[in-house]
Amino acid sequence: MQEAIARHVRDGDVVVIEGFTHLISFAAGHEIIRQRRRDLTLCRLTPDLIYDQMIAAGCAKKLVFSWAGNPGVGSLHAFRRAVEDGTLELEEYSHFGMVARFSAGAARLPFWSLRDYAGTDLPRVNPRIKSVTCPYTGEALATVPALNPDVTIVHAQRADAQGNSQIWGLLGVQKEAAFASQRVIVVVEELVDEGVIRADPNRTVIPAAIVSAVVVEPWGAHPSYAQGYYDRDNDFYVAWEAISREGRSLQQYLEEFVFGVRDRADYMRKQPMLAGALKARAQFCAGVNYGF
Amino acid sequence: MAAVASRELQDGEVVFVGIGLPNLACNLARRTHAPHLVLIYESGAVGAVPERLPVSIGDPALVTGSLMVCGMADVFQLFLQNGRIEVGFLGGAQVDRYANINTTVIGPYEKPTVRLPGSGGAAEIAIHARRILIVAKLSPRAFPERVDFLTSPGHRVAKVITDKGVLERDAQSGELLLTGLYPGIAVADVQAAVGWPLRARPRLDRLDPPTSIERQLLRDVLDPQRLYLTS
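Keeping their order, the protein sequence lines are chains A and B. Heads up: the first sequence begins at 1 in the working numbering, then just goes up one per residue. Heads up: the second sequence begins at 1001 in the working numbering, then just goes up one per residue.
Extracted from the complex, chain A is given alone in its bound form (with noise of 0.2 Å):
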């Protein structure tokens, strides 16, 4: 993980770290803290608890996104404080605007067009969201430019060593995020065999040939889940309210839990409890018939 931030995200870039709910990249997210990367674009539908926790280390300039909460428990207070402060540069679309404009870039367009927005606030705060008159039918569309992140950070259950990423359970826009980027590390839970990865091929979600490097991370999705792995750490965005409400006790967690750890390897060790709590329990599919 650290060779591979190290190489590929750079001061200034614009940083994506996907996955809705699932699978998002903490162990990612904490060794650019450690790095301590600065002046990035941090990109995600929903920043969720690792871009607070990147935006209290210092590491954003800039954020664009589409929903800034802790999903089912309330605010994000190191977000919120820089918004209210003044010190963090927003990009607002809804979900759709977001997945939109991965879109676009995955497939090297330089827009894309939705039907959205109309009578809404959000074109008159972010003068990115435009319209165009369809050619065929007179239609007003909204439009979304492309977003061509320079690195692309995306959590995976599985993958072999050229990155042949294998996801199930919530696919959020990861792919299309992927695609879009000039630079892209797959974290996976698993390395395992290219034969693995070619007798289900239609689980593969991302290939080696979008892969700048794969870093193998049990757990580095925690608190975030990997289906199949472990269960979302609920209890932990609970308790990040209290943690996050004040600067200074969000500071403390930093320290504690992101500077004063090597790894993942090294974070886990030092909350024995988890592992056994979140562990997920067995339901495994019949599998399909590939032949021919």
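Quick caveat, the hints were computed from the structure, so don't treat them as lab data. There could be a bad hint or two in this list.
Partner residues aside, some chain A positions facing chain B, computed with beta carbon under 7 Å [to be verified]:
#: 1; residue: T21
#: 2; residue: H22
#: 3; residue: W67
#: 4; residue: G72
#: 5; residue: V83
#: 6; residue: E89
#: 7; residue: E92
#: 8; residue: S94
#: 9; residue: R115
#: 10; residue: P123
#: 11; residue: N126
#: 12; residue: L171
#: 13; residue: V173
#: 14; residue: Y225
Per label pair, the in silico range of CB-to-CB distance [as the list claims (entries may be wrong)]:
#: 15; chain 1: B; residue 1: A1188; chain 2: A; residue 2: G74; range: 26 to 34 Å
#: 16; chain 1: A; residue 1: A118; chain 2: B; residue 2: L1078; range: 14 to 22 Å
#: 17; chain 1: B; residue 1: A1192; chain 2: A; residue 2: A277; range: 20 to 28 Å
#: 18; chain 1: B; residue 1: H1033; chain 2: A; residue 2: E194; range: 28 to 36 Å
#: 19; chain 1: B; residue 1: S1212; chain 2: A; residue 2: V132; range: 54 to 62 Å
#: 20; chain 1: A; residue 1: R269; chain 2: B; residue 2: A1192; range: 55 to 63 Å
#: 21; chain 1: B; residue 1: L1067; chain 2: A; residue 2: A265; range: 35 to 43 Å
#: 22; chain 1: A; residue 1: A107; chain 2: B; residue 2: H1036; range: 33 to 41 Å
Don't be surprised by glycine CBs; every beta carbon is placed ideally from N, CA and C.
Knowing the structure of chain A, use the given hints to seat chain B on it.
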């Protein structure tokens, strides 16, 4: 509120489920009068049958046993923009006279008094779902004459389910009218809790409190940890 909201859903409908009380209402409906309700979450779970109440709309319990899991580009393009969603369920920090919703900022956008989470999928749900239901607690701050920021337009809102009564959008004026009351609540109680001169329909519906079955399901099965329920 959860019980009244759940009764608005008809069996077999396709509903786009939001976080919080809508989540509770949809799962209550699925376990009572609407077992064939198709729950779609913006996270990509289609036909979800969560065996525990999802804390977030991306909970792993939404995946296990669902009919389909798709990426979010498919959720927004193939389901929502395609017109496949019959009911959208939204909440909001502010709801105004014309049922417009604000989930973005209180105060001016550039220098907000309170920064809220933002749209998420709410803007496009409000634009594309055929019928919008809003669940929100009444107070003059939450129901101003005009929202500070218009996140989601109100023109497809059918009903606003509150803790005191139900408001419906008048087809002609587009304005919200009081149309139903819980037992023991007076018209004046509701009028005092909104920031504009709220008109009441001449004949008001009486909203039944939760049945014993609904109450038991809500308290003992769906939300035993009181994630969303207050009592």
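A quick look at each hint next to the structure:
no., hint, verdict
1, T21, "holds, 2 Å"
2, H22, "holds, 6 Å"
3, W67, "holds, 3 Å"
4, G72, "holds, 4 Å"
5, V83, "holds, 5 Å"
6, E89, "violated, 11 Å"
7, E92, "holds, 6 Å"
8, S94, "holds, 4 Å"
9, R115, "holds, 6 Å"
10, P123, "violated, 10 Å"
11, N126, "violated, 10 Å"
12, L171, "holds, 4 Å"
13, V173, "holds, 5 Å"
14, Y225, "holds, 6 Å"
15, A1188/B with G74/A: 26 to 34 Å, "holds, 33 Å"
16, A118/A with L1078/B: 14 to 22 Å, "holds, 20 Å"
17, A1192/B with A277/A: 20 to 28 Å, "violated, 47 Å"
18, H1033/B with E194/A: 28 to 36 Å, "violated, 51 Å"
19, S1212/B with V132/A: 54 to 62 Å, "holds, 56 Å"
20, R269/A with A1192/B: 55 to 63 Å, "holds, 57 Å"
21, L1067/B with A265/A: 35 to 43 Å, "holds, 38 Å"
22, A107/A with H1036/B: 33 to 41 Å, "holds, 37 Å"
Checked against the numbered hints given earlier, this structure breaks hints 6, 10, 11, 17 and 18; the rest are met.
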